[in-house]
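Given the coordinates of chain B, work out where chains L, S, E and R with the ligands should sit on it, guided by the hints.
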Amino acid sequence: MIRLLELLVNGVSLGLLYALITLGFVIVFKATRVVNFAHASFLLLGVYVVAVAQPLLGFAAAALLGLAVAGLLGLATERLLLARVDRHNHHAMAILTIGLNVVLTAELTRRLGEQVLPLGAPWDGHVVHLGSLTLPLTVVITVVAVPVLIGGLTALLTLTGWGLAMRASIADAEGAALAGIRLRRVSATAWVLGGLLATAAGIGLASFPSPGVSLSMESVAIAAFPAAIIGGFDSLGGAIAGGLIVGVVQVLVAGHQDSLAFLGLGAGDVVAYLVMIVVLLWRPSGLFGSKEFSRV
Amino acid sequence: MSDDAIAPARLVPAEARARTLLPRRLPAVAAVVAAIVVALALPLYVDAFWLRIGLFAMASAVGALGLTILFGAAGQLSLGHAFFVAVGTYGYAFLSGGDGGDGGRLAGLGLPPLVAAVLATLLTGLCGLLFSPVASRLRGIYLGIASLGLVFLGHHLLLNLRPVTGGYDGRSVTPFALGGFVFSDAGGLVVLGVPFGAVENLWYLFLAVTVVAMLVARNVLRGRPGRAFRLMRDSEVGAAAMGVRVQRTKAAAFVLSSMYAGAAGVLTALAFQRAVPDYFDLHLSVDFLAMIVLGGLGSTSGAIIGATFVVALPIVLSRYADVLPLVVGPGQDGLEASTAAQFVYGALVVVVMLTQPGGLRALLHTLRDRRRPAAP
Amino acid sequence: MNPPRLVVDAVSVAFSGLLALDEVSFTVEPGTVHAVIGPNGAGKSSLLNALCGIYPVTGGRILLDEHEVTRQRPDRVAALGVGRTFQNIVVSPRESVLDNLMVGRHRLTRAGLVRTAFWLGRREQRRHEARVREIAEFVGLSARLDSTAGRLAYGDLKRLEFARALCLEPRLLILDEPVAGLNTAESRELGRLVVAARDALGLTVVFVEHDMGVVMSIADRITVLDFGKVVAGGTPAEVRRNPTVISAYLGAPDEDTHEAERTPR
Amino acid sequence: ATSSANAGAPGVSDSTIKLGMLVDLSGAFATSGKTSNTASQFAVDEINAAGGVCGRKIELVVRDHGYDVQKAVTAYDEVAPQVLGFLNVYGSAITSALRDKISSNDVLVGLTAFAPTLLGDPHLLVVGATYDIQAINSVDWMVREGMLKKGDTLGHIYLQGEIGENSLKGSTFATEKLGLKLAGQQIKPTDADLTSQVNAMKAAGAKAILLDSTAKQTAAVASAAQAAGLDVPIMGTVATFSTSLLSTAAAPALIKRYHRVSGVGLLSADTPAVKALADKWKAKFGAQQPESGGAVVLAYLSTHLWAKIISGTCGDLTRKGLLAARAKVTSFSIDGLGPALDLSDPAQPTSRASQIHRPDKGVYAGMKLVEDFKVSDLAKEYQVKAG
Amino acid sequence: MLEIEGLAVRYGAREPVLHGVSLAVAEAGVVALLGANGAGKTSLMRAVSGTVALHGGSVTAGSIRFLGQEIAGANPAGVVARGLVQVPEGRHVFGPLTVEENLDAGAITVRSREARTRTRHQVFEMFPRLAERRRQRAGTLSGGEQQMLAIARALMSQPKLLLLDEPSLGLAPRLVKQIGETVREIARDGVPVLLVEQNAAMALSVAHSAYLLELGRVVLTGPAGELSHSDEVRRLYLGEDAEADAEDPGDGRAAPQLARWTA
Ligand SMILES: Nc1ncnc2c1ncn2[C@@H]1O[C@H](COP(=O)(O)OP(=O)(O)OP(=O)(O)O)[C@@H](O)[C@H]1O
Ligand SMILES: Nc1ncnc2c1ncn2[C@@H]1O[C@H](COP(=O)(O)OP(=O)(O)OP(=O)(O)O)[C@@H](O)[C@H]1O
Ligand SMILES: [Mg+2]
Ligand SMILES: [Mg+2]
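Chains as they are written, first to last, in our numbering: chain B, 1 to 296; chain L, 1 to 376; chain S, 1 to 265; chain E, 1 to 387; chain R, 1 to 263.
Hints are not guaranteed to be accurate.
Unchecked claim - Distance condition first, Cα-Cα at most 25 Å in a straight line; then the derived SDA-like pairs of lysine to any residue: (1) E/Lys101 to L/Val164; (2) E/Lys361 to B/Gly120; (3) E/Lys101 to E/Leu60; (4) S/Lys229 to R/Glu132; (5) E/Lys256 to B/Thr134; (6) E/Lys256 to B/Arg111; (7) B/Lys30 to L/Gly140; (8) E/Lys101 to L/Pro112; (9) E/Lys202 to B/Ser132; (10) E/Lys18 to L/Val46; (11) B/Lys30 to L/Leu282; (12) B/Lys30 to L/Arg162; (13) E/Lys202 to B/Val140; (14) E/Lys361 to B/Gly113; (15) E/Lys284 to B/Arg111; (16) E/Lys361 to B/Pro55; (17) E/Lys385 to L/Arg162; (18) B/Lys30 to R/Leu54; (19) E/Lys282 to B/Arg111; (20) E/Lys207 to B/Leu252; (21) E/Lys101 to L/Ala312; (22) E/Lys207 to B/Ser132; (23) R/Lys160 to R/Ala74; (24) E/Lys101 to L/Asp278; (25) B/Lys30 to L/Asp234; (26) E/Lys385 to L/Val164; (27) E/Lys101 to L/Leu42; (28) E/Lys101 to L/Leu207; (29) E/Lys320 to E/Ala9; (30) E/Lys385 to L/Asn160; (31) B/Lys30 to R/Glu132; (32) E/Lys280 to B/Gly113; (33) E/Lys202 to B/Leu130.
Derived by calculation from the structure, the hints in this document are not laboratory data.
This is chain B alone, in the form it adopts within the complex (with noise of 0.2 Å):
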């Protein structure tokens, strides 16, 4: 019992995280149409960036920078390649996306290489004993901070001018024109949240009881893809509840591979892909997301 509860807040706390990258990636998906291929390299660069610059600079101040570059990187992204592009050709825009992924992950590979990099972040090593439950300290801090900072951010979608803004360009973007939204400051927003949002994901992925940073996270990333599906594209809830479904069911099929060996060994992602495709089968746009209506 206990052990399937610490199964189970485990999970919810990686489910959590990959929440928070899918998020990124859906928020740019959703302003910009555009598929972000780089998603998992912005990740890996701001946390490469964290784990420099922290013994220069102490954690907190290294992650703010890394947060910072990830966010330039996205705004850059945006400005200097995608704003050159036109902006109905998502599919131009996304195969760029690729291109610059090449080159980031050519730059990050041969600067980590097979190494680790610590994060040194000062939750590093700590362990909770909550009851008889023994819970690394960062897991407790993912399950506490990112419903917050998801919550944070719905509510900015929601309730603020920007938000509406940025829903209002996101459903036609010459009415949002009309309406004085600008457009570019709508994606490059976007871009920014992208970056920042993956980096934030990235600390929580290369935190303890993770070694640190490593190139293997770009692969990570990968995997919260399902999550994404499985909750539903444009609903942060989803997200949530995704990662969440997507987390628990990794660690459930871990924690139990002798009884599932007839899956074949190491089932644990393929599970949840193949919860993602019944999910789909039976809500083709997720648990939670909206159904794309078209009347004509």
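Just chains L, S, E and R with the ligands now, with coordinates in the frame of chain B:
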């Protein structure tokens, strides 16, 4: 979105146009003939390194054609293409492979290679059909990520279905053979003083398959199904009101594209001479996507140009990157040649998309139009 | 083939709580041009969408001759020979006008993937392309066949939709505000085309339109909807005099300005 | 094509013998690739300085494959006609993809892998104890050290693929023989957070963890074990350590709980040969220690092994001759770098001996010796199933 | 207030669709812009509001001055911020947002909350239908309702100059009249209006002056009353010419023919 979409507006009456058709088309026809002659003569002049790249490019081009039908025309984003390519590869290896290969661990049906190749393609279509309930219900990015699941599922199966796949170690591939002629190094055929090994022989096989795949794709895209795909992409309701059976048509596009991927898989198997699971990962799927957009979305020639770009460029760049300034040879300290090659490749992708958002194909068209400013 | 009779029998359509159509009944006689009018949001487009199987019918029946089309899939309805246009234009903006029209031939052609792949649908395609050119000529789009649809001005798009509906070789033609956005002369021209098509091809026509000039001049009969209910019906002359229609829809007669609403002669 | 025209002895001229290397210099395993490359070059320089082999200098033809199968295959095609053999083909996916070509070219290929499934093919050269044997030796050592007792559960976290599955064969054998229970957890090379696996180990009541993973994952396991309050020894196989782990948050846990089994020696060993090697490295890289001392040693050792093999066929410098010469090497060792290697039977491991190491920040390359090369009784008894 | 001189607009590399159009809107009153399909009315509007770039077009020559400042090629949002607001062809309402949110988005440039509430009341009064549907998603509104919303949204930003591109499109006759009234009222309240309409009768009845555009050129201009008596306008836009009538194809043009399809 046929290749003529960009042709200048024509206000000539139909009959008049028919008369002018031949002379206007003449340069194009000449170009095609020249390309075919060059392609046929190539194995006599260039070495295996380049031919091998050509094989990979052609295998990918066939897969890219499939994706261009699915994504370019029907608007259905698939990131699961690598999975279907894998099915083709392993399908061929299994169907043509002898039973008890690899120390009795592997099963195989030992079918004649041609039969195995065709069946593997059909098998991939079947897999596409199995996934089509999902494919026909989803759109856009949702389908993209759902199909991404196939890649992971596929990789899992490749590692676990040992008797068929050989696990992480993969399995070897029976060389292609046609009427007793084996496409391998052992053939001993010598043409004009050049020994024809597997690569040279396969070159012609691949060329034939690619040309057929391209013509078929072109017909489909220009014909009735292609038009239905495209209206469906732009408005499902609109398409339904024109009598298009939307779900079925989506499924059809998916199955067709899977079969292309399957054929590409067979070619991949033959080019590698071995099937290994790690090749069929997400990168491969993303590469396919890059191919069709870089080449020019929705057009067959674009798919081929894009495939060549994406496949050949990194290999060639990393082979010759040491001529770049600031780059060191393998094993020395400094900016590794292959890393530099990756930078250049990534940057080129960016540059192409910035300057030719319509794809490389559009670039060719611009060049052609510039050469021929006064088209009638 | 004779034009079909359309029977709409107590049809209801509801959207989460909102009753867009409330037991609507009327009959369209074979070969007539039947107008459906009514204030904005009265349910006219919903009615057309229900006829084509795009909106789910929650009650009642729709009969096309002896065929029951209630709750049929849109493509099944199209297969019965129902061609339509949309209020909010639906075309493939990146395709040529010709290709957009050729899609209309979908139901009449058979070449599937396999036949198309191997050059087997060519003859068929050429025949149909010739017909499409005829239809384009008829609506006046000949000169624009090679242009991509996205570049057309609004009025041309309207014509494109009309032509595409004709390309289905429909028996029942459904038009949702076919002349909206056209000027008076163009509207009249299109109205004439509708009548000409009806006469030449033997169609039954159902259309929704706010341009009373066109409605009054080409409709044989009119059904008036308001709040999802039929509030009046009859010949143009009857409907025009109907006080309910005047107050709910036409507005008080205000002779000095609204030329467009007057029937030309 | 004009490539394979000159028959006879590819890669051999009157003054040189060319050997190929297909390694990762730009991909995820670039560090390993560069390490092997440098260490091999050290050995080649030594050999050439001493007059070369068979009166010819050795020349390396290095190609980077970036851990990309397609690049590797084209690079192989390019290099194969110019070389006598391949000193090193790095990466199991790459090796798998090339196996058929290797046999049809009849070329000898050195590997940086220890899978027993690679045995049996005379074209492939696996240096030292295979994964299964190393697993057996390490379980044996843990029992001898009293870390595990009869009836205890050994947790085995193993990588999907070549390394893990073969290692699992060994641990299965050893636990059966020693009356232990085994609880397995498979992981992927890309898994970064191993909390759930470690928790599963804890739930299974594991008294020790046998680990096959990447070095990063070692740190992840150590931290996760600490987080979960699972205070048990962790025994890793060859690839589970890199020097920089000792600067991560996991360092204390590693120093406390971690040991490693290895089929080759340590860069910190106290023999003249090893010292000379380490000095070369220091001279070249200064304070920067190699990420993996084992990789340095292995590459250096293998290169000298190759010289030995080649010198056995000076009269017949062909690929066939090379394959035959391989079997003539029955006892090769460099003091401190590796156990005595016996290459006579391609179907048997070249050695069954392992060392046990443990981390120590104060030692060069971060690892010091706990137990010298030893073949456990279990390992002697164990029948290797060649691929 | 708005002075356009020698305006040329083209889409991509194609022939320009406007060739040197000049037009002026004074401080008060309604200016009607008439023209056949494809004449370039919408393109002109887009050029003024800056949205032409969103359609892949650009201003290649000429100047557009609003309140004395050059705005040709400016960012649409900047143009709106200056008080020039356009109701676009094709409505462009925010489909997934509710009616109310659409209106809020329209008022996003208005700082004062009070002013926003006040204008909202006004537009709801003008279009009670929208008040009824305030929580409905705009995308599910009927065509006419969406048109009302598009107009209402533009009014929410308290424009100094209003551009209306076919505001009566898809509206029922009674509402068309009402829109006419509204336009007149807006102008009376001091906001000049540039009105593009196919319903020329309505347009000319509310406009003070009018321009007639043909193939990208102004071919006729003058006070609205004068224009409505010109032959061309009467024939093409007011439908008053006997010759063009359906029952009398005596204009020499053969009515188009279409034969039945024989499969
Ligand atoms: N998909 C839908 N979801 C919710 N409400 C809808 C939907 N479609 C239509 N409605 C509502 O149903 C009512 C009828 O709409 P419909 O489009 O049929 O009107 P209409 O008569 O065509 O009006 P118009 O003349 O303005 O086009 C409208 O009030 C509209 O808001
Ligand atoms: N996005 C575009 N790309 C290319 N050409 C365009 C585009 N939009 C309009 N055009 C062309 O510009 C010309 C003028 O079109 P515009 O839409 O301005 O006409 P309009 O007077 O508003 O017509 P309508 O009354 O039909 O709305 C037309 O020939 C049209 O084909
Ligand atoms: Mg309607
Ligand atoms: Mg217009």
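Against the structure, the hints:
Pair hint E/Lys101 plus L/Val164 holds up; C-alpha atoms about 21 Å apart against a cutoff of 25 Å. At most 25 Å may separate the alpha-carbon atoms for a hinted pair to count; E/Lys361 and B/Gly120 meet this at roughly 19 Å. With a C-alpha separation of about 20 Å, the suggested pair E/Lys101 and E/Leu60 falls inside the 25 Å cut-off, and the hint holds. Our distance criterion of 25 Å between C-alpha atoms is met by S/Lys229 and R/Glu132, whose separation comes to about 18 Å.
About 20 Å separates the Cα atoms of E/Lys256 and B/Thr134, which keeps this hinted pair within 25 Å; it holds. Simply put, E/Lys256 and B/Arg111 have alpha-carbon atoms about 29 Å apart, too far for the 25 Å limit, and the pair is violated. At most 25 Å may separate the alpha-carbon atoms for a hinted pair to count; B/Lys30 and L/Gly140 meet this at roughly 12 Å. Among the hinted pairs, E/Lys101 with L/Pro112 is consistent with the structure: their alpha-carbon atoms are about 22 Å apart, no more than 25 Å.
At roughly 14 Å between alpha-carbon atoms, E/Lys202 and B/Ser132 fall within 25 Å of each other, so this suggested pair holds. Restraint check: the Cα-Cα separation between E/Lys18 and L/Val46 comes to about 23 Å, which is no more than 25 Å; the hinted pair holds. Distance hint between B/Lys30 and L/Leu282 is fulfilled; the C-alpha atoms sit about 23 Å from each other, no more than 25 Å. Taking the CA atoms of B/Lys30 and L/Arg162, the gap is about 42 Å. The hint is violated against a cut of 25 Å.
Between E/Lys202 and B/Val140 the alpha-carbon distance is near 20 Å, which keeps this suggested pair within the 25 Å criterion. Distance restraint check for E/Lys361 and B/Gly113: the Cα-Cα separation of roughly 21 Å lies within the 25 Å cut-off, and the hinted pair is therefore satisfied. A distance of roughly 19 Å separates the Cα atoms of E/Lys284 and B/Arg111; the hinted pair therefore holds under the 25 Å criterion. For the hint linking E/Lys361 to B/Pro55, the alpha-carbon distance of about 19 Å falls within 25 Å, and the restraint holds.
At most 25 Å may separate the alpha-carbon atoms for a hinted pair to count; E/Lys385 and L/Arg162 meet this at roughly 17 Å. In summary, the hint linking B/Lys30 to R/Leu54 is supported, as the alpha carbons are separated by about 18 Å, within the 25 Å threshold. Distance check on the hinted pair: E/Lys282 and B/Arg111 sit about 21 Å apart at the alpha-carbon level, within 25 Å; holds. Note on E/Lys207 and B/Leu252: the hinted pairing holds, with a Cα-Cα distance of about 22 Å set against a maximum of 25 Å.
For the suggested pair E/Lys101 and L/Ala312, the alpha carbons sit about 21 Å apart, so the restraint of at most 25 Å is met. Distance hint between E/Lys207 and B/Ser132 is fulfilled; the C-alpha atoms sit about 20 Å from each other, no more than 25 Å. The suggested pairing of R/Lys160 with R/Ala74 holds, with an alpha-carbon distance near 17 Å, which does not exceed 25 Å. Between E/Lys101 and L/Asp278 the alpha-carbon distance is near 18 Å, which keeps this suggested pair within the 25 Å criterion.
Under the criterion of a C-alpha separation no larger than 25 Å, the hint pairing B/Lys30 with L/Asp234 is consistent with the structure, at around 19 Å. For the hint linking E/Lys385 to L/Val164, the alpha-carbon distance of about 20 Å falls within 25 Å, and the restraint holds. Note on E/Lys101 and L/Leu42: the hinted pairing holds, with a Cα-Cα distance of about 23 Å set against a maximum of 25 Å. A distance of roughly 23 Å separates the Cα atoms of E/Lys101 and L/Leu207; the hinted pair therefore holds under the 25 Å criterion.
Restraint check: the Cα-Cα separation between E/Lys320 and E/Ala9 comes to about 9 Å, which is no more than 25 Å; the hinted pair holds. Distance hint between E/Lys385 and L/Asn160 is fulfilled; the C-alpha atoms sit about 19 Å from each other, no more than 25 Å. Proposed proximity of B/Lys30 and R/Glu132 is contradicted: the alpha carbons are some 30 Å apart, above 25 Å. Of the supplied pair hints, the one linking E/Lys280 and B/Gly113 holds, its CA atoms being roughly 22 Å apart against a limit of 25 Å.
At roughly 17 Å between alpha-carbon atoms, E/Lys202 and B/Leu130 fall within 25 Å of each other, so this suggested pair holds.
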